[in-house]
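**Student:** Each chain, written out:
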Amino acid sequence: MKIAIVSGKAEGPTKLNSFDNALLEAGIGDVNLIKVSSMLEKDTELELLPELKPGTMVNCVLATLSSNKKGDIISASVAIAIGDSLGCVVENSKINESPENVKKEAEEMVRYMMSKRGEKIHDLIIEEVNHVVEDFGTVVASVVYLNENIIINK
Amino acid sequence: MKIAIVSGKAEGPTKLNSFDNALLEAGIGDVNLIKVSSMLEKDTELELLPELKPGTMVNCVLATLSSNKKGDIISASVAIAIGDSLGCVVENSKINESPENVKKEAEEMVRYMMSKRGEKIHDLIIEEVNHVVEDFGTVVASVVYLNENIIINK
Amino acid sequence: MKIAIVSGKAEGPTKLNSFDNALLEAGIGDVNLIKVSSMLEKDTELELLPELKPGTMVNCVLATLSSNKKGDIISASVAIAIGDSLGCVVENSKINESPENVKKEAEEMVRYMMSKRGEKIHDLIIEEVNHVVEDFGTVVASVVYLNENIIINK
Numbered sequence: 682m683k684i685a686i687v688s689g690k691a692e693g694p695t696k697l698n699s700f701d702n703a704l705l706e707a708g709i710g711d712v713n714l715i716k717v718s719s720m721l722e723k724d725t726e727l728e729l730l731p732e733l734k735p736g737t738m739v740n741c742v743l744a745t746l747s748s749n750k751k752g753d754i755i756s757a758s759v760a761i762a763i764g765d766s767l768g769c770v771v772e773n774s775k776i777n778e779s780p781e782n783v784k785k786e787a788e789e790m791v792r793y794m795m796s797k798r799g800e801k802i803h804d805l806i807i808e809e810v811n812h813v814v815e816d817f818g819t820v821v822a823s824v825v826y827l828n829e830n831i832i833i834n835k
Numbered sequence: 682m683k684i685a686i687v688s689g690k691a692e693g694p695t696k697l698n699s700f701d702n703a704l705l706e707a708g709i710g711d712v713n714l715i716k717v718s719s720m721l722e723k724d725t726e727l728e729l730l731p732e733l734k735p736g737t738m739v740n741c742v743l744a745t746l747s748s749n750k751k752g753d754i755i756s757a758s759v760a761i762a763i764g765d766s767l768g769c770v771v772e773n774s775k776i777n778e779s780p781e782n783v784k785k786e787a788e789e790m791v792r793y794m795m796s797k798r799g800e801k802i803h804d805l806i807i808e809e810v811n812h813v814v815e816d817f818g819t820v821v822a823s824v825v826y827l828n829e830n831i832i833i834n835k
Numbered sequence: 682m683k684i685a686i687v688s689g690k691a692e693g694p695t696k697l698n699s700f701d702n703a704l705l706e707a708g709i710g711d712v713n714l715i716k717v718s719s720m721l722e723k724d725t726e727l728e729l730l731p732e733l734k735p736g737t738m739v740n741c742v743l744a745t746l747s748s749n750k751k752g753d754i755i756s757a758s759v760a761i762a763i764g765d766s767l768g769c770v771v772e773n774s775k776i777n778e779s780p781e782n783v784k785k786e787a788e789e790m791v792r793y794m795m796s797k798r799g800e801k802i803h804d805l806i807i808e809e810v811n812h813v814v815e816d817f818g819t820v821v822a823s824v825v826y827l828n829e830n831i832i833i834n835k
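Protein chains in written order, with the numbering used here: chain P, 682 to 835; chain X, 682 to 835; chain E, 682 to 835.
Do not rely on the hints blindly, as some may be mistaken.
Note: identical chains are not told apart, hence a pair may lie in one copy or across any two.
Below, a list of computed lysine-lysine pairs in the DSS-like style, where the Cα atoms sit at most 27 Å apart [as the list claims (entries may be wrong)]:
1) Lys750 - Lys683
2) Lys750 - Lys775
3) Lys784 - Lys696
4) Lys785 - Lys751
5) Lys751 - Lys801
6) Lys716 - Lys797
7) Lys734 - Lys797
8) Lys734 - Lys775
9) Lys716 - Lys734
10) Lys797 - Lys696
11) Lys801 - Lys750
12) Lys683 - Lys784
What the hints contain is simulated information worked out from the structure, not anything from laboratory work.
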C-alpha cells in the first residue's frame, strides 16, 4: 500500500468553490474522492503525490473545514502512525483554536488508537494547514491511497 | 467513462423511506450508492440510465434534500460541464428558494470550476427537480458513473 | 453476495476514539470503511464476520451515534430484509428513546421498502445495540459486504 499526504487552503466565491480550490491547491482537485476511514496496511509506503489521472476514483481520508466569517482561523490536520502490522490515520479540524492544539490533539488521538491495538509506532507524520478567512475559505488535509490505476505513468 | 443523469422526488412515511422512494423514482433505488466528488474523465459520454443490477456498488454524485414541513419547496440540482481534458460536476440543493436560482447557482459554480482549470466548456447540462412537501418529501438529482459490471445486458 | 452483521459499543477519551473503540469491539476496527447505501443482491448469504485483512477497503452500511452526556441512552440498529430478487437494509440510530422503539422503527422502515418493491420477505434480521453513556460513548451497528479480497484465508 502506498499513500501520499497533502494539504491545501484557498478562498472562493462559494463554499463549494473554495473547497474545490483548496483541493486543487493540494493536488487532488481533478479526481473523484471517495472518503474512507482510516487504516493502513502493514508496510505502507509514503510517497510524494504523483500526477493523478483526471476523473479517476481515489480513496482518501479527508480533514476539511470551511468558513465565511472574516478573521476565523480554520485548521485541518491528519496524523499518521505506522507500526509493524498496521497503521492508523486521524483527521482533526477546528475553528479558532490554536494550531498547535489541533496538531497535538491529532497526535494524541492517533497514539491512543495505536496503543489500543498494541502497536508500537515506527513513524509518526502530522500534516497541518491553517488559514485566516477573508471571504469564503477552506482548508483540507488528506491521506491519499495510491494505486497503479489512478496514476499517470510517464 | 459513461455517465447518466437522473432525478426523482417522492413522499414517504419517514425521511429514510421518502429518500428511498425518490431514489426509486430516479431509477437508482435498487443499488448501493457510493458518493464521490465530482470530476469526469475526458471523453465522458452521456447515456440514458440503463437497467442496473440490484445490489451492485454504484459510484455517483448526489444532490438531495428532505423536509417534513408541509408547503416547503425543496430543490436539488446537478450541473455538468464537459471540456477537452476533463469535466466537472456540481451539486446544489436548497429549501424555499426560487428553482431558477438553484439552477443558476449550480451553473455559476460549475462554470467557475471549469475556468479555474482553464477548460473551455463544450457541453453544459443541468438537471433539476423541485417538490412542494406534503408529509415527508425528498428530492434527488444524481450523476451516475456507469460501467460494464453494474449493468444488466440484454 | 455475502454479508456479516456486527455491532459494538464503547467509551473513549474523544468522539473519534470512542467511535474507533466501538468499531474494534464490532470486529471492523482495522479496515477502511466505505459507507454505501443499502441494497442486497439476490441470494445474499449471511455469514459470521471472518477475520478481515488490516487496511483493506470494506463496503458497509453503518448506523452509529455518539454522545458525551453522562446518562444518555444511545441506540443503533440495522434491519435486513431478504427477498427473492433483492434485499434491503435500514439503519436507525436514536438518543434517549426506548430500544424497543428503535428496533421497531427499523423493522417498519425495511418492511415498507420491501413492499414498495413488491418483494416478499423470506428473512428478517435486526441487529441492535444500546449503551448508557459515561464519558464519551459510541454505538455502531453495521452490515459488512464481504468478498475474497478482504478476508484472511487460513
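**Student:** Against each hint, give a clear statement of whether it holds in the structure.
**Tutor:** Each hint, compared with the structure:
Taking the shortest alpha-carbon separations for Lys750 and Lys683, neither the intra-copy value of 37 Å nor the inter-copy value of 40 Å comes in at or below 27 Å. With identical chains, the CA atoms of Lys750 and Lys775 are at most 27 Å apart both within one copy (14 Å) and between copies (21 Å). In this assembly of identical chains, the alpha carbons of Lys784 and Lys696 lie at most 27 Å apart whether taken from the same copy (24 Å) or from different copies (16 Å). For the homomeric pair Lys785 and Lys751, the shortest alpha-carbon distances inside one copy (25 Å) and between copies (26 Å) are both at most 27 Å.
Taking CA atoms no more than 27 Å apart as the test, Lys751 paired with Lys801 passes in neither setting, with 42 Å inside one copy and 32 Å between copies. For a Cα distance limit of 27 Å, the shortest separation of Lys716 from Lys797 qualifies both inside one copy, at 24 Å, and across copies, at 24 Å. Only between protomers do Lys734 and Lys797 lie at most 27 Å apart by alpha-carbon distance; the minimum there is 18 Å, versus 37 Å within a single protomer. In this assembly of identical chains, Lys734 and Lys775 lie within 27 Å of each other by CA distance neither inside one copy nor across copies; the values are 31 Å within and 32 Å between.
For the homomeric pair Lys716 and Lys734, the shortest alpha-carbon distances inside one copy (18 Å) and between copies (19 Å) are both at most 27 Å. For the identical chains of this complex, Lys797 and Lys696 are inter-copy neighbours only, at 15 Å across copies versus 37 Å inside a copy, given an alpha-carbon limit of 27 Å. Taking the shortest Cα distances, Lys801 and Lys750 never come within 27 Å of each other, neither inside one copy (42 Å) nor across copies (32 Å). For the identical chains of this complex, Lys683 and Lys784 are intra-copy neighbours only, at 23 Å inside a copy versus 40 Å across copies, given an alpha-carbon limit of 27 Å.
When the structure is compared with the earlier hints, violations turn up for hints 1, 5, 8, 11 and for no others.
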